[in-house]
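K.L.:
Work out the full structure, taking the sequences as your base and the hints as a guide.
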Amino acid sequence: MGRKRQLTVLVFVLALMAAACTSTDDTTTTAGGTGTTAATTTTAAPTTTEATAEDTSVRFLIAENFWADWDPYQHTAQSQNRIEAQIFDYLVDNPETDAPSVPMLATEWTQIDERTWEFKLREDVTFHDGSAFDAEDVKASIERSSGATDVETLQAGDWIVTNVEIIDPFTVRLVSEEPFAALFAQLRNTIIVSADDLANNAEAIKTQPNGTGPFRLVENDPTRKVMEANPDYWQGPAQIQSLTWEFIQDQDTRLSALLAGQADVIDRVPTQHLQVIDGSENLELNSVTGIESVNLWVAPGRLPIWDETPAFRQAMVTSIDRQGLVTGLVQGASAVATSFLPTTTQFHQEGAPAYTRDVDAAKALLAEAGVPDGGPEFELWVASGFLPRAEEVGAAIVANLEEVGFKPKLVVVDLSAMIDDIFSDDGTGAVYHLSWSSNGDPFNHAFVYSDTFAWYFGDERLQELIDLSGTTTDPAEREKVVQELQTHLWEQLWHVPLYNSDFTVANNTRLQGLDVRPNFETVFYPASITG
Amino acid sequence: MLKFTLRRTAQMAIVVFGVVTLVFFILRIASGDPAHLMNPPGQQEELVQLTREKLGTDRPIPVQYVEYLTGLTRGDLGKSFHGGQPVLDEVLKALPNTAMLAAVTILFSSTVALILGIGAALRPNGFFDRGVLVYVSVALATPSFWLAIVLVLFFSVRLGWLPAIDLEGPKSFVLPVITLSVALTPVLIRTIRHSFLETLGDHHVRAARARGIPERRVILVHGLKVAALPLVTLIGLQLGLILAGSYVVEFIFNWPGIGKLTLDAVAGRNFPMIQGGVLVAAVAFVIVNFFVDLTYAALDPRIRLAAK
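If you read the protein sequences in the order shown, they are chains R and A.
The numbering of the first sequence is this note's numbering, which starts it at 1 and goes up by one.
The numbering of the second sequence is this note's numbering, which starts it at 1 and goes up by one.
These are calculated hints, taken from the structure and not from any lab test.
Glycine residues also receive a C-beta, built at the ideal position from the N, C-alpha and C atoms.
Please note that the accuracy of each hint is not assured.
Stretch-level coverage of chain R by chain A, calculated; a stretch enters the list once three of its residues show a Cβ under 8 Å from a Cβ in chain A [stated by the list, open to error]: (1) 150-158; (2) 251-265; (3) 446-457.
Quick list of in silico lysine to any residue cross-link-like pairs, SDA-like style, CA-CA up to 20 Å [said to hold, decoys possible]: (4) A:54 x A:66; (5) A:3 x A:296; (6) A:54 x R:416; (7) R:206 x A:50; (8) A:54 x R:71; (9) A:171 x A:100; (10) A:54 x R:153; (11) R:206 x A:89; (12) A:3 x A:15; (13) A:54 x R:151; (14) R:206 x A:171; (15) A:54 x R:201; (16) A:54 x R:81; (17) R:206 x A:55.
Reference excerpt, derived from the structure (chain A facing chain R, CB under 10 Å, subset only) [to be verified]: (18) 2; (19) 99; (20) 263.
P.N.:
Structure below.
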């Protein structure tokens, strides 16, 4: 082949590449935002180019998949709770998780006795299907959620059974079977659903939710939910006309999309991305310390010396450089745990001693526990791809423990395998790196240490204090109970408190007023779009 | 030919049945319990059981299997564990996107491989040949996930020329297709180069030249027709690589195809969706190979004779 022909081939290849890269006038398929049904037909999401043209659409890439359908009260998934908050309303809202509730669908409330509260309801509120909201909807929702009906619900576990008496179409009385101190926190977890839907459209609302919230669902893909503004919202229509929430597993893909302008908001920003986003002109970070306790959870019975010897437990806590984990690894707004209730929980108090790392003290405690050689070998499990930098955190903890003499073996698995090991009768793990989050109510957060869960060591006083924290309605009395509960947990150390998680969201600065909450909610109403 | 077709169809059915069965049982025996994943760690067993009942995973595995097979005969692949969407709808929505990606990749990489392979074979050990061999070595050593990220950072984030993620139109194909092609072309190029070198020395090519047929026609007609045979086989075989590679590429580029659908489902132990994704991939793979066999038989009379 002569030079001329070689040149021709080269030009052809270059032309092919250039053609691929050349700008085209293709019509972009948009992701809904105009329909009112749950039709799922398209593949592409709205791009920022479109968003800029319309100036009203927002795309939010989330790190956690949607685990559930829209069947009310039949899930405990955080991602589902978060998106429900865009579509549904609650009787009350808790913008500050450690402060009193504020009105939402209820305008005012009065305590009648220790089991009864009366709520005045907002008038002129309609569901997305146009039907009017009234006391019947509150009765149906609260009774279904709290387990007062024949329908078993997953969320009933967080409630004390509560019946609703209708005084008039816009006044109700909530009557709990026992005094329920966490009532208001639980009300903020309980979406108000139409009574008619619960009675007659049970199947339909599993795929087409019908709330009173600022957005309504128009596309219901398994990993992608597209919402449009509810024009009849009682607080006025949202400025964001189209809101897309989409699960994208890979953190680098989420970042690329944000940097390339194909997403407006991403959540769970990992430490290694903070600097990149901070250095970008059009992006900003929004961080809070989450109501999430990251602990080393010890499975009862798997490491007998743990169950029986307080000094062994104290030795382990004293061995770990918890401050180092926070400043060196997880970073962001994460904070060393100073209690088993996170800092943004109501009635939080710092425990004493601080359990800072002290190798000599830890060795002395091991000797006191009767195992100066460090005791038996045990497996410490971490789940890769779950908590931020879990593998590095696990490795750092193991190094700390080994220095003192403990004999941990690090096991890195995926979350599913870890969960299976916890529940399995022949599970081999003893210590698990996991988290627990809540809505900020002390009872709700401490509930995980109760006999309802697999992490309970038979500590009767602890169970008593948890129960009391849920039933003591007098605020001053409750504060005392919660403080005693924290002191007890801190002294007993059934698990190893590590840190309270960071929750960091990054967004394009065109989006203003995004409400990032410690309970991992990201509220898009009444956020606005500028530019 | 009819006998050949029937025999291959029966083989295909057995392969697909085997894959479906294997995936079904592996998921339930070796994988995690999806109900546990959908509840907080340590949740009491009664509540976890409620979730199992809702998902249908509380029943014995053989019962689930029979129900699954019965559903398959009706074209029902079940419903997603997360959201309750019919799996068939989701799979059918994703399939064209993966098929388009695969088709464009095959077209692009075949074209590139033909040009580079033939070009290299025409002047062995020449400058162009050596350049092509360098490309082959580098491409073979380049991991797809790394290349994809680098391409995105350069063309999407830095230059802003191309979309970083999604399927938005023709421009969206560029980066995924290049990523897949870089993995695919080395083997194609080497095969074509080798095949062409052999073919150019064959009697029929020498005879064509002796008859005074123009060189271009000798290469493109007499040489290419024979040299293309292994290319057809190879593309069929490489389809598996494209499907497997597209899982990584779809994941990184958020491409709404079967690969992303399946990987998202794997992360959440969404059994029906995983089964649907694998079923479609298996069916696509055996069908394409079936057509490759038919094409091969049509191109090479010896295959037809052997089949008889």
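K.L.:
Each hint: holds or not?
P.N.:
Each hint tested on the structure:
{"no.": "1", "hint": "150-158", "verdict": "holds (count 3)"}
{"no.": "2", "hint": "251-265", "verdict": "holds (count 8)"}
{"no.": "3", "hint": "446-457", "verdict": "holds (count 5)"}
{"no.": "4", "hint": "A:54 x A:66", "verdict": "18 Å, holds"}
{"no.": "5", "hint": "A:3 x A:296", "verdict": "16 Å, holds"}
{"no.": "6", "hint": "A:54 x R:416", "verdict": "19 Å, holds"}
{"no.": "7", "hint": "R:206 x A:50", "verdict": "16 Å, holds"}
{"no.": "8", "hint": "A:54 x R:71", "verdict": "11 Å, holds"}
{"no.": "9", "hint": "A:171 x A:100", "verdict": "13 Å, holds"}
{"no.": "10", "hint": "A:54 x R:153", "verdict": "11 Å, holds"}
{"no.": "11", "hint": "R:206 x A:89", "verdict": "17 Å, holds"}
{"no.": "12", "hint": "A:3 x A:15", "verdict": "18 Å, holds"}
{"no.": "13", "hint": "A:54 x R:151", "verdict": "13 Å, holds"}
{"no.": "14", "hint": "R:206 x A:171", "verdict": "37 Å, violated"}
{"no.": "15", "hint": "A:54 x R:201", "verdict": "18 Å, holds"}
{"no.": "16", "hint": "A:54 x R:81", "verdict": "19 Å, holds"}
{"no.": "17", "hint": "R:206 x A:55", "verdict": "14 Å, holds"}
{"no.": "18", "hint": "2", "verdict": "39 Å, violated"}
{"no.": "19", "hint": "99", "verdict": "12 Å, violated"}
{"no.": "20", "hint": "263", "verdict": "7 Å, holds"}
Against the hints set out earlier in the document, violations occur for numbers 14, 18, 19.
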